[in-house]
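Start from chain A and add chain B according to the hints.
In case you want the letters, here they are:
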Amino acid sequence: MPRRTMVEAIRDALDVMMARDPRVVVFGEDVGYFGGVFRCTEGLQRKYGASRCFDAPISETGIIGVAVGMGAYGLRPVAEIQFADYMYPGYDQIVSEAARLRYRSAGEFTAPMVVRMPCGGGIFGGQTHSQSPEALFTHVAGLKTVIPSNPYDAKGLLIAAIEDDDPVIFLEPKRVYNGPFNGHHDQPIVPWARHPLGETPDGHYAIPLGQAAVRREGAAVTVLAYGTMVHVAEAAAEETGVDAEIIDLRSLVPLDVETIVRSVMKTGRCVILHEATRTSGFGAELSAQVQERCFHHLEAPILRVTGWDTPYPHAQEWDYFPGPDRVGRALRAVLEE
Amino acid sequence: MTRDQLLQAYHDMLLIRRFEEKAGQLYGMGLIGGFCHLYIGQEAVVVGMQACLEPGDQVITSYRDHGHMLATGMEARGVMAELTGRSGGYSRGKGGSMHMFSREKGFYGGHGIVGAQVSLGTGLAFSNWYRESRNVSLTYFGEGASNQGQVYESFNLAALMKLPVIFIIENNKYGMGTSVERASASHDLSKNGAAWGIPGEQVNGMDVTAVKEAGERAAAHCREGKGPYLLEMKTYRYRGHSMSDPAKYRTREEVQKMREQSDPIETARKMLLEQDVSEAELKKIDDEVKAVVQEAADFAQKSPEPDEAELWTDVLLEAPVMEAR
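Heads up: the sequence lines are chains A and B, in that order.
So in my numbering, spot 249 of the first sequence is number 283, and the numbers just go up one at a time.
So in my numbering, spot 319 of the second sequence is number 363, and the numbers just go up one at a time.
If we strip away everything but chain B, and leave its shape as in the complex, we get:
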């Protein structure tokens, strides 16, 4: 990565980190209801991958999706307002934390059902192939989802038709409270596509430069018409699976060790300082990010609740006929 690219990556990762911290705060204050899965710790994955994209490429993921949205350039205020269930949210309060979209930014959701987005992402890749475009579908899923049957159905189809899809397994070690060792007979998940001849590699998902390098190899493979590519990102989430996670399945020491030794933002920061970026320059980025997040939080509280009629719209093209009883 060049100095400027790394600066940009630092900014983007920090934005995700601060956004998620703020979301956690708002949740604690009761301003966000229901489910909320924070991405803290995994920032390098989406930021590194996003740096490999060309206009028109697609991104799709599961429910731990706030980081992906911010990385695609979706506005923090629209994401935060969806978390608070307001009309200014990307789904106007209909979707919540797990269900947001942006056609403009090529973000195809935001899906609450584990693994279900993998076949959708394969369909996006089919469209790219069919249109003979250079575009690639970035299809993210967790190591927990990697055991879903439809993942392997998608692998087969993608390999058979040589579809341009990068399957990205974000292996943060825990599917909710079940560690990958207790859920998966396969331990090197990058080999999970081997039966179909899908090349795969394990990547240090805590290092944004390593992610970008691997992402570029994968994207080049897809754009050359060679079919799908599998990346297993070895990463880690610092927070619980969701906001109600008792986290008894791992030790505090384990989390602390990852934070201290492998934090993706701290690593990028050190690299920048070594490249003679000044503390003042980094401080300026910190301040900018803080301001954006604060503005998003304010907007998310000020944006009005959805109009009552909103309940009835977007079910079908035509408004449903139902008298309110």
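Just chain A, same shape as in the assembly:
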């Protein structure tokens, strides 16, 4: 089975879909000639030409607005926002146009489009190159929000997102582009080539949106995580020896509530992780969902381990990042209840 980094897996998904479907058009800042700042689109312009893979001016509002129009008129645009932090000028187009077109036209028009955005910290990007804005999308009816944690999922989910008839926000945790970063920033990263989830089949495969994956089975506590935090959870479980069941949500909207509920009913405990700030983060939604459905099975309060309610710091990046030590403490804490 071929091995790919997450960058290569994403590039391969775009390649597969551009070859299969002439409606698929890929664009964004530095995406064409340069091949993308993280190299996710390298070679696509050479292979498919500049009408199907092109450079957009630095105009996020325009990029997303144009994608909505392309999608409404029969294309399948895949737009890249170079960093999720650059999304805000285009947010109005995402919320007021892309997400709402289907509803306000009673299904007459839709915006089948994917907006890819590298997100998350861990690269000393400071406050304008490190954010995790997923909750800003999950809060908007009419959008789907996906966040893979590994190359296999990235390829299958991106293909499913492109084939989806609704707008999909596809968040790419940039710290795991090249390997399963587990929060130990002082240790070398294992490359995807040596990780089973680096194995990505050639050709077309899709992972349906809304299906979580159980990364590690366990009986003592359910850990809900996505993106980079899946690997942090795995490290914390290993290091503490806690028998944690780790669920990689993969897609936040639609959400695989069934898998979550089944697990929490079994373990009776739940810890929720995300890198984004805590207040009104997606963890609050997860916590509410679990509480509503599993209240009588819970043996301890649900805990969240998240980024702090501060802007993403520059020098103090690792004090902000919810690393394996903080996660490990939470795992132990819920067991002591």
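Wrong hints could be hidden among the right ones.
Said to hold, decoys possible - Here are the simulated lysine to any residue pairs, SDA-like style, with alpha carbons at most 20 Å apart: (1) LYS149(B) with GLU197(B); (2) LYS81(A) with TYR293(B); (3) LYS292(B) with TYR67(A); (4) LYS81(A) with LYS149(B); (5) LYS292(B) with ASP343(A); (6) LYS292(B) with ARG54(A); (7) LYS292(B) with GLU76(A); (8) LYS292(B) with ARG80(A).
Derived from the structure by calculation, the hints contain no laboratory data.
Relative to chain A, chain B alone:
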């Protein structure tokens, strides 16, 4: 420029050049983390423009900001210590390379989002207008940012209200890896404000005297209450967009040619020698600059890491309530 003004400009450009070279070295040694966008090659732009300013004028720019800060007179040591993420940095390690400020020097940042500072700079100009001061806002952005929608929203507002803002497009030819020809349908960016009647001119941004002359025309226009002015500085960055730039979008020969034929510091040096400034005098400036940069580098390595509590300060006026878990 008088002899003394040119000497000062030479000093300031050289300080930026040596500072940036040192920053590149420290980055290579792993002492600077994350993003670092060097200004090498573009020094004449900020130094020439700074020479047109009066006390109280404001400067705002994007993320390639080290040169702007040094030109406003911010201390090299404070800038360098922010690059290394130390408590002695201008933002005490909170901001990093792209996010530094100085109220004292009229420097309003240091902004990491392409184009976002342009409307802020327009707001600074509004404040000048509102207070009926003579002050001018110098609002810098790159040719890449010049296609952002908010740039044109700002143009309209500034022209409508006749706000004293000099919009300065630093056209270094490449928005990261995309050349201006591949990103912009407009090739004479000085005309980008024409729809709103904003006068503009293209300036040789590699020549500090040309920059200063154009800057003075622009500043006079603003101070006379005639509204905004647009300067397109034709300049060039020798280094990559950031430290991780493979630079495959241009040839080595192109960079070499600019260095050899248009270098702003070399040009100023030649002019000074023609004005009978001695080699010894220039050498003295070189030595002074070197010493300042070395002191900054030492300080940036010796200054302590930010205190743990620093993570929680400056979020809101009140300290946030959050127990550490």
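Checked hints:
no., hint, verdict
1, LYS149(B) with GLU197(B), "violated (28 Å)"
2, LYS81(A) with TYR293(B), "holds (18 Å)"
3, LYS292(B) with TYR67(A), "holds (10 Å)"
4, LYS81(A) with LYS149(B), "violated (51 Å)"
5, LYS292(B) with ASP343(A), "violated (40 Å)"
6, LYS292(B) with ARG54(A), "violated (30 Å)"
7, LYS292(B) with GLU76(A), "holds (12 Å)"
8, LYS292(B) with ARG80(A), "holds (15 Å)"
The structure is inconsistent with the numbered hints 1, 4, 5, 6, although it conforms to all the rest.
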